[in-house]
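Peer 1: Residue numbers (the working numbering), protein chains in the order written: chain A, 1 to 278; chain B, 1001 to 1278.
What the hints contain is simulated information worked out from the structure, not anything from laboratory work. There could be a bad hint or two in this list.
[Stated by the list, open to error] Straight line, CA to CA, 25 Å or less: simulated SDA-like cross-link-like pairs of lysine to any residue:
1. B:K1143 with A:N128
2. B:K1244 with A:A69
3. A:K189 with B:E1146
4. A:K278 with B:Q1242
5. B:K1130 with A:K278
6. B:K1278 with A:N128
7. B:K1047 with B:L1165
8. B:K1208 with B:H1062
9. B:K1196 with A:L191
10. B:K1009 with B:V1022
[Claimed, not checked] Reference excerpt, derived from the structure (chain A facing chain B, CB under 7 Å, subset only):
11. E80
12. D120
13. S163
14. L165
15. N176
16. K187
The model shown is predicted, which means the values in this text are computed figures rather than measured ones. Think of the CB as a built atom: it goes at the ideal place given N, C-alpha and C, for glycine as much as any other residue.
Protein chains: 2
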Amino acid sequence: MNNIIDGKKIRNEIIEDLKKQVKHYLIKPCLAVIQIGDDSASNTYIKSKEKACNEIGIYFKHIKFSEDAKEIEVINKILELNHDDYVNGILLQLPLPQKFSADKIINYIARNKDVDGLTDINLGKIFNNKNGMISCTPLGIMKLLERENVDLAGKDVTIVGRSNLVGKPLLGLLLNKDATVTITHSKTKNLKVHTKRADILIVAVGKKHFITKDMVKENAIVIDVGINKEDGKLYGDVDFDQVKEHASLITPVPGGVGPMTVASLMLNVVSAYQKQQK
Amino acid sequence: MNNIIDGKKIRNEIIEDLKKQVKHYLIKPCLAVIQIGDDSASNTYIKSKEKACNEIGIYFKHIKFSEDAKEIEVINKILELNHDDYVNGILLQLPLPQKFSADKIINYIARNKDVDGLTDINLGKIFNNKNGMISCTPLGIMKLLERENVDLAGKDVTIVGRSNLVGKPLLGLLLNKDATVTITHSKTKNLKVHTKRADILIVAVGKKHFITKDMVKENAIVIDVGINKEDGKLYGDVDFDQVKEHASLITPVPGGVGPMTVASLMLNVVSAYQKQQK
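Could you build the full structure based on these sequences and the hints that come with them?
Peer 2: This is the structure in structure tokens:
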């Protein structure tokens, strides 16, 4: 039984599709990534964004500030990029060094260039069921479910984890697709009751093998957002080997949701470009 | 056993409290209400807002457009009010005549004067757990629960109804208070399963006596947002007489959530005034 969702394959299809579109443009779409400091995980993530941009034909602009930059310098750079017609998407690479307020800085990004979908207004647009920029991991999950022809209407979905990056935007997106959504988190009592009754279980807590087989309903669809490193290996939030026997569809780690995040970012950059051309 | 929440009493306490604050201001806070057309229910609602303003000492500005006004005229008026330092809150009375787009017009209201809390950005701020303007009915419900000392952390809350005015903002507010929240709606299958397991059940569907005793858990807290008119009488979405035997706390209709909506609007106007003075 092949019940494993191949995120890498779907990622590649999206990239291929975008490549075909971008080929026809005189001026390349442009993504500007702002980095503050020199976090090694951030360096890796930025490289994978640059790689995807190069594959598609998106111009990649890497703007690097040292850790002792002033907040106002970063904000001024964002304002400059907001007004630059050749820049279509702006992303602030997270996490930031402690003295910076990510939340404050992000909200200076123009809503139509906010390709990470993290500004207040773009989150509000999701909940008002309007076209805005959708943050990349939730968008990637929706694309996976779409490609697997999962009908969400009336389905019981339980989300574990309520982060601004994943749980909350997903809540709005699933609601817009007529799912019945429960959002759980660290303060939830009897978590198992909520995971066990879910037709679709989405887990984003950042704890290796947090979800075990006894917490999952037979034939549920299981989406694992976790990426946990241990001894150089990657593990999901779901005990994959156990749970896969049980689930009708499941994403592996790595190779499930992960690759979709960059693909979604690319979708957002090209869609921002298209809207800005109009 | 007195398990009935007296919304009218709490409303009066809030109004009294605001009155004491406003007494000390040289310049009155000002609420501008924009009405398009002459809907009779709207006329009643606007009168109750004016009455509350007069009680507290808030200047009430009623701006009325005829039904054949152009959308651009309404928008221009909003832009003018946005820039008027003597106007602290702007509210567009809903519903609008069909040819107008409420959603479009509302989003011209400056975020810090959006006392109805219906702009995209203020909804986004709720979900990002930031201080913004909170729409009045959800805010009123949170105030009721607060006054009744209901601890929301870890409680299972089921919301029935996902409107932009009630269900969705409530979802964010309850999540910020660490509740485990499920949002249900017309596409939900087995609604009873979700209402029956709720520690707190909040109903906003607009259907008389939609929630019956068998759908409610023993000792649940039941908040009824419905206002349904039949033969000149008002009925809630909950079959009050049946369910009250069962619930640990319950709001009546009328006299429950209803009076809190205007009280919340007044809270928003005074809080907008205070922030704008800084």
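Peer 1: Now, for every hint given, state plainly whether the structure supports it.
Peer 2: Hint-by-hint comparison with the structure:
1. Annotation: proposed proximity of K1143 (chain B) to N128 (chain A) holds, straight-line Cα distance about 24 Å (limit 25 Å).
2. At roughly 61 Å between alpha-carbon atoms, K1244 (chain B) and A69 (chain A) are farther apart than 25 Å, so this suggested pair is violated.
3. Annotation: proposed proximity of K189 (chain A) to E1146 (chain B) holds, straight-line Cα distance about 21 Å (limit 25 Å).
4. Between K278 (chain A) and Q1242 (chain B), the direct Cα distance comes to roughly 58 Å. Violation of the 25 Å bound is thereby established for this hinted pair.
5. Note on K1130 (chain B) and K278 (chain A): the hinted pairing is violated, with a Cα-Cα distance of about 33 Å set against a maximum of 25 Å.
6. Note on K1278 (chain B) and N128 (chain A): the hinted pairing is violated, with a Cα-Cα distance of about 31 Å set against a maximum of 25 Å.
7. Distance check on the hinted pair: K1047 (chain B) and L1165 (chain B) sit about 20 Å apart at the alpha-carbon level, within 25 Å; holds.
8. At most 25 Å may separate the alpha-carbon atoms for a hinted pair to count; K1208 (chain B) and H1062 (chain B) exceed this at roughly 32 Å.
9. For the suggested pair K1196 (chain B) and L191 (chain A), the alpha carbons sit about 17 Å apart, so the restraint of at most 25 Å is met.
10. Taking the CA atoms of K1009 (chain B) and V1022 (chain B), the gap is about 20 Å. The hint holds against a cut of 25 Å.
11. Interface restraint check for E80 (chain A): the shortest CB-CB distance to chain B comes to about 23 Å, outside 7 Å, so the restraint is violated.
12. At a threshold of 7 Å, the smallest CB-CB gap from D120 (chain A) to chain B is about 4 Å, leaving the interface hint in force.
13. Nearest Cβ of chain B to the Cβ of S163 (chain A): about 11 Å, over the 7 Å cut. The hint is violated.
14. For L165 (chain A), the shortest C-beta to C-beta distance to chain B is roughly 11 Å, which exceeds 7 Å, and the interface hint is violated.
15. A cut of 7 Å between beta carbons decides the hint on N176 (chain A): the least distance to chain B is about 9 Å, and the hint is violated.
16. Checking K187 (chain A) against chain B by beta carbon gives a least distance of about 4 Å; that is within 7 Å, so the hint holds.
Figure legend: structure checked against the earlier numbered hints; hints not met, in rising order: 2, 4, 5, 6, 8, 11, 13, 14 and 15.
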